[in-house]
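K.L.:
Here is what each chain is made of, one letter per residue.
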Amino acid sequence: DAKTTQPPSMDCAEGRAANLPCNHSTISGNEYVYWYRQIHSQGPQYIIHGLKNNETNEMASLIITEDRKSSTLILPHATLRDTAVYYCIVRSSGGYNKLIFGAGTRLAVHP
Amino acid sequence: ETGVTQTPRHLVMGMTNKKSLKCEQHLGHNAMYWYKQSAKKPLELMFVYNFKEQTENNSVPSRFSPECPNSSHLFLHLHTLQPEDSALYLCASSQDKERGGDTQYFGPGTRLTVL
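So the sequence lines, in the order shown, correspond to chains S and H.
Going left to right, the first sequence walks through residues 1 to 111 as our numbering numbers them.
Going left to right, the second sequence walks through residues 1 to 115 as our numbering numbers them.
Hints in this document: simulated from the structure, not taken from any laboratory.
Please note that the accuracy of each hint is not assured.
These stretches of chain S come out as covered by chain H in the derived footprint (C-beta under 8 Å, 3 or more residues) [said to hold, decoys possible]:
| id | region |
| --- | --- |
| 1 | 52-63 |
| 2 | 101-111 |
Some chain H residues flagged as far from chain S (calculated, every beta-carbon gap over 10 Å) [to be verified]:
| id | residue |
| --- | --- |
| 3 | P8 |
| 4 | L11 |
| 5 | M15 |
| 6 | K19 |
| 7 | E24 |
| 8 | G28 |
| 9 | S38 |
| 10 | L45 |
| 11 | S62 |
| 12 | S72 |
| 13 | F75 |
| 14 | T80 |
| 15 | S86 |
| 16 | Q104 |
Cβ coordinates follow ideal geometry from the N, Cα and C atoms, glycine included.
Build out the structure end to end from the sequences listed, making use of the hints.
P.N.:
Take a look at the structure:
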């Protein structure tokens, strides 16, 4: 599975959009981009995933560049409860493949 | 609530004790996973079970012994652990899907302390 690069930390004001970048320049054609987050000492929570089209759900939007070498997770109106470590993971489709977690981005949302 | 439960939530044990961690998923999934998260380190995959068969053992020491009696239950049996085994142990489950691979859903974890 391709490796990802994320900034170690980011800040965001409450109510503003949080844009979390991820680089995955070695991604291959059958690999999806997944985003999870982990609030302190809890289990990781699935947010969203995509292959090449932009995706949106009730939690967030995922924007994937045309060359698929990078993506951005957007939390449109960040709240204090969105403070967490956000993980960007790329992995191939199908089966029961493992998720390889990196260090992620620690997002701090402040009033 | 993700549909994956873990018990106990906290466990303190001595190095000579034997204990077990339990995971149950109520999602009808066919794959289950154990992960370990030590302080200030990324999650590490330990074991993968698919349809009750172990399909991956990520070089885990034999003092950790998994058991998957059915697709809904997963255990991690612990014996003669070391203090460095203290960590958050996370269980996850997924369903093999044609599109998008399998999204894994995690339980809340068991915080283990080995004295």
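K.L.:
Hint by hint, note whether the structure agrees.
P.N.:
Results of checking the hints against the structure:
A stretch counts as covered by a chain when three or more of its residues have a beta carbon under 8 Å from one of that chain; for the region 52-63 of chain S and chain H the count is 0, and the coverage is violated. Using a Cβ-Cβ cut-off of 8 Å, 4 residues of the region 101-111 of chain S lie near chain H, which meets the minimum of three, so the contact claim holds. Every Cβ of chain S is farther than 10 Å from the Cβ of H/P8; the closest lies at roughly 15 Å, confirming the non-interface assignment. Residue-level check passed: H/L11 sits 14 Å from the nearest beta carbon of chain S, beyond 10 Å.
Listed as a non-interface residue, H/M15 keeps its Cβ farther than 10 Å from every Cβ of chain S; the least gap is roughly 24 Å. For H/K19, the condition that its CB be more than 10 Å from all CB atoms of chain S holds, with the nearest at approximately 20 Å. For H/E24, the requirement that its beta carbon stay farther than 10 Å from each beta carbon of chain S is met, with the minimum near 14 Å. With a minimum CB-CB distance of about 15 Å to chain S, H/G28 clears the 10 Å threshold, and the non-interface call stands.
No Cβ of chain S comes within 10 Å of the Cβ of H/S38; the nearest lies about 12 Å off, and the non-interface call holds. Residue-level check failed: H/L45 sits 5 Å from the nearest beta carbon of chain S, not beyond 10 Å. Every CB of chain S lies more than 10 Å from the CB of H/S62, the least distance being 20 Å, so the non-interface label holds. Annotated as non-interface, H/S72 keeps its C-beta farther than 10 Å from every C-beta of chain S; the closest such distance is 15 Å.
With a least beta-carbon separation of about 17 Å from chain S, H/F75 lies farther than 10 Å from that chain, consistent with its non-interface assignment. A cut-off of 10 Å between C-beta atoms confirms that H/T80 is not in contact with chain S; the least separation is 26 Å. Distance to chain S confirms H/S86 as a non-interface residue, since its nearest Cβ pair spans about 13 Å, more than 10 Å. With a cut of 10 Å on Cβ distances, H/Q104 falls inside the contact zone with chain S, its closest approach being about 6 Å.
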